[in-house]
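Let the sequences and hints guide you as you build the complete structure.
Heads up: the sequence lines are chains A and B, in that order. So the first sequence is numbered by our numbering: it starts at 9 and just counts up by one. So the second sequence is numbered by our numbering: it starts at 627 and just counts up by one.
Source of the hints: derived by calculation from the structure; they are not laboratory data. Keep in mind the model is a prediction, meaning the values are calculated, not measured. Treat each hint with caution, since some may be false.
Straight-line C-alpha distance at most 27 Å; calculated DSSO-like pairs for lysine-lysine [to be verified]:
1. A:Lys114 with B:Lys683
2. A:Lys49 with B:Lys683
3. B:Lys697 with B:Lys635
4. A:Lys49 with B:Lys697
5. B:Lys635 with A:Lys49
6. B:Lys640 with A:Lys11
7. B:Lys635 with B:Lys683
8. A:Lys49 with B:Lys640
9. B:Lys635 with A:Lys114
10. A:Lys64 with A:Lys49
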Amino acid sequence: ELKVEQNPLFLSMQEGKNYTIYCNYSTTSDRLYWYRQDPGKSLESLFVLLSNGAVKQEGRLMASLDTKARLSTLHITAAVHDLSATYFCAVAQYSGGGADGLTFGKGTHLIIQP
Amino acid sequence: NAGVTQTPKFQVLKTGQSMTLQCAQDMNHNSMYWYRQDPGMGLRLIYYSASEGTTDKGEVPNGYNVSRLNKREFSLRLESAAPSQTSVYFCASSFRAGGYTFGSGTRLTVV
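Below you can see the structure in the form of structure tokens.
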């Protein structure tokens, strides 16, 4: 059974600081996703990581994947208040018949204070 | 471009009542999914459908049924709602090995 663990689950930080969210998963997978969710909203896709060593960056967010360690990180550089949200990592697992269900971590609730 | 459309957006049910959550996608995706989101739990897969006419159980299927009516539509039915089914429900669709698109969610309260 695939398990996905995120840490920390809650993070309060100041604007301008850097921080990293970690996502560990228990079994081999070929795809890892990062999502952002604002309160009361749906999930917004941030990154799709497909191979070992993959690194993707968008603005102040950078995601990386180490498939050997079964670890992905989401790094926040010089945080700004607008990045306050809940961030989820999710790992794809072949569910049969061509479908790939996602197994989600519990999410990291990020608050960025001025 | 609507993407994934879910209806209704909000619903309050009494224990024992039944209802169907509707989901439709216009992206010609083969696979569709139903997830529930509870505080502190992330999203958990209820049922999925790899293609029209096929459905399979996910992690938390008890108390639910699904129908893949055609390639566009995938509905989730609660036959006898229970307070434990109070949650936010998300429908999603995808291509094999591709990105996932999520609907806006249905916030369900069972009293």
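Holds or violated: are the alpha carbons of Lys635 (chain B) and Lys114 (chain A) at most 27 Å from each other? Within the cut-off at roughly 23 Å; holds.
What's the verdict on Lys635 (chain B) and Lys49 (chain A), does the C-alpha distance respect the 27 Å limit or exceed it? holds (11 Å)
Take a quick look at whether Lys635 (chain B) and Lys683 (chain B) sit within 27 Å of each other, Cα to Cα. holds (24 Å)
Hint consistency between Lys64 (chain A) and Lys49 (chain A) [alpha-carbon to alpha-carbon, up to 27 Å]: holds (24 Å)
Given the proposed pairing of Lys49 (chain A) with Lys640 (chain B), does the C-alpha separation stay at or below 27 Å? Holds, at about 25 Å.
Pairwise hint evaluation, Lys697 (chain B) against Lys49 (chain A), where the allowed Cα distance is 27 Å at most: holds (26 Å)
Going straight from one Cα to the other, do Lys640 (chain B) and Lys11 (chain A) come out at no more than 27 Å? violated (34 Å)
Distance restraint between Lys114 (chain A) and Lys683 (chain B), which requires alpha-carbon spacing of 27 Å or less: Judged against 27 Å, a Cα distance of about 21 Å means the pair holds.
Holds or violated: Lys49 (chain A) with Lys683 (chain B), Cα cutoff 27 Å? Satisfied, since the Cα-Cα distance of roughly 26 Å is no more than 27 Å.
So if I understand the rule, the pair passes when the alpha-carbon distance is 27 Å or less; does Lys697 (chain B) with Lys635 (chain B) pass? At roughly 22 Å apart (the allowed maximum being 27 Å), Lys635 (chain B) and Lys697 (chain B) satisfy the hint.
Against the hints set out earlier in the document, a violation occurs for number 6 only.
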